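Visitor: Kindly generate the complete structure, drawing on both the sequences and the hints.
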Amino acid sequence: MPEQNAPIPDPADAVYSHDVPAERPWSRLLKRGQTLRIVDIEGQQAVDALLYGAENPAERYSAQDTLRVQGSAYIGLGTRLISNEGRVMARITADSCGRHDTSAGCCSCESNAVRFGAPARYQNACRENFLLELSRYGLAKRDIVANLNFFMNVPIEPSGDFTVVDGISAPGNHVDVTMEMDVIFVLSNCPQINNPCNGFNPTPVRVHVWDPPAA
Amino acid sequence: MSAMTKQEIAEANRRRYEDLRAAGQGAAPKALPAATALDGAPIAPGAVMGEETVPPGWYHTVRLGSGEALRIVDTSGRSSVSVIGWCEKDMSERLNCADTAKIQWSAALSKGRVILTDMGHVFLSLIEDSSGAHDLLVGGSTPASVLAAYGEPARNTRDNFLAAASKLGLGLRDIPPSVTFFAPVSLDAEGCFGWNADRKRAGDFVDLRAEMDLVLVLSNCAHPLDPARPADGGPVTAVRHRAPLPGPDDPCRTMSPEIARAFAFTDRLHA
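Line by line, the protein sequences are chains A and B.
So the first sequence is numbered by my numbering: it starts at 1 and just counts up by one.
So the second sequence is numbered by my numbering: it starts at 1 and just counts up by one.
Don't read these hints as lab results, they were simulated from the structure.
Every value quoted in this text rests on a predicted model; they were computed, and no experiment measured them.
Where a beta carbon is used, it is the ideal one built from N, C-alpha and C, also for glycine.
Hints should not be assumed to be uniformly reliable.
To be verified - No farther apart than 30 Å at their CA atoms in a straight line, the calculated lysine-lysine pairs in the DSSO-like style are these:
#: 1; chain 1: B; residue 1: K167; chain 2: A; residue 2: K141
#: 2; chain 1: A; residue 1: K31; chain 2: A; residue 2: K141
#: 3; chain 1: B; residue 1: K89; chain 2: B; residue 2: K167
#: 4; chain 1: B; residue 1: K89; chain 2: A; residue 2: K141
Stated by the list, open to error - Take a look, some chain B residues computed to stay more than 12 Å from chain A by CB distance:
#: 5; residue: D39
#: 6; residue: W58
#: 7; residue: R155
#: 8; residue: V215
Guide: As structure tokens, then:
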């Protein structure tokens, strides 16, 4: 049976809602069964994400394990987000965009300087956001692994060609992630202005958290 | 001169991006070199610094100084070798598969390509490569993947990496995604992974030149997409040797404007 988008809950029922300003990080401890919705308010906005086990943060999201278990290269509805211990951390339970990346990593001052020239070193980057946000949990650079990139379109051709191209995310598109364990969920609302992942114009995104529906 | 508007900056950034993409994927300043012939790059006997044979299922940790190289040989043609590594001076700096693909505009590694760190430095250069069939996306085997494939626990890359990291005082937090050599993973138009067994040959090898002082861990375990059973694996040989000094036209150092910049930043570490 094809995977079905979960019914859309009412934002009025959310236990938490927040607008993440353009270029800024966000994080929250999410309990098993809770659902995080990320809304791409204006469209074409990449949102970089990392997940850590709340009980033992050395257990964290693993992009390679997630792709191996799934057998394919892109994140979408039904994808199980797998940890470095082989456990399911969360599932994608709704997706109105249809294409998310987990192979292109996050932007950094250092890689921006390599890709776009030395002046790009001094622009805010997802890795800077992650470092500051992770420090709130006693985590540091060692803990940054290959991340998820919601709403980021990185087709990988059979030839190996690997390109960040224009996002297919329309204004208001959303992705829902339902936790299968207690998770420290960390986002960077991507500040990149040198490639098409944010339409060359970073914009705010909205997050909602819902408790599991009453049984 | 009047300041550019936000729109003008965005348009200029898009033009630069499309120019870099054209250079990186199409009209590259230099085509990538052809694969090395199986007998095409003998190591001079005086250049060999050490040699290790790694049995199937096992791992090997090796330190390389900047300019030294490691030849990894798939002697039987039945092995895949997953590799992670750290910068010796700062073990929080490590091999980074995502930046390796993104910065080179390609997930396909072959002779003339490089492997980058998370800090915009060049970690390893593929100065020789007879295979050109390597994996940056899927990673190595795990306890769960071998149990699912063989119906019983077996040695696996994830446990090998954890043991090797622990012997260096590192742990689970320090294990990055891995690159796997001699792992012909293909991708179809929908993004589904496949395995091309006909791209494996006995004797295939890569020469990885260290571009900084570094520590590598090699795991000789079947790739999780390889349908072969672990009992079918063969030994791999790891030969540490002094690589020839790179000349001004070194294919790796001159591959693209991005990689030339990465080398310039890396060379500053040694200045």
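Visitor: With reference to the structure, classify each hint as holding or not holding.
Guide: Consistency of the hints with the structure:
Restraint check for K167(B) and K141(A): satisfied, since their Cα atoms lie roughly 21 Å apart, inside the 30 Å limit. Of the supplied pair hints, the one linking K31(A) and K141(A) holds, its CA atoms being roughly 25 Å apart against a limit of 30 Å. In summary, the hint linking K89(B) to K167(B) is supported, as the alpha carbons are separated by about 17 Å, within the 30 Å threshold. Pair hint K89(B) plus K141(A) holds up; C-alpha atoms about 15 Å apart against a cutoff of 30 Å.
For D39(B), the requirement that its beta carbon stay farther than 12 Å from each beta carbon of chain A is met, with the minimum near 27 Å. Non-interface call for W58(B) relative to chain A: holds, since the shortest CB-CB distance, roughly 21 Å, exceeds 12 Å. For R155(B), the non-interface assignment is confirmed: its Cβ lies about 16 Å from the closest Cβ of chain A, beyond the 12 Å cut-off. With a cut of 12 Å on Cβ distances, V215(B) stays outside the contact zone with chain A, its closest approach being about 15 Å.
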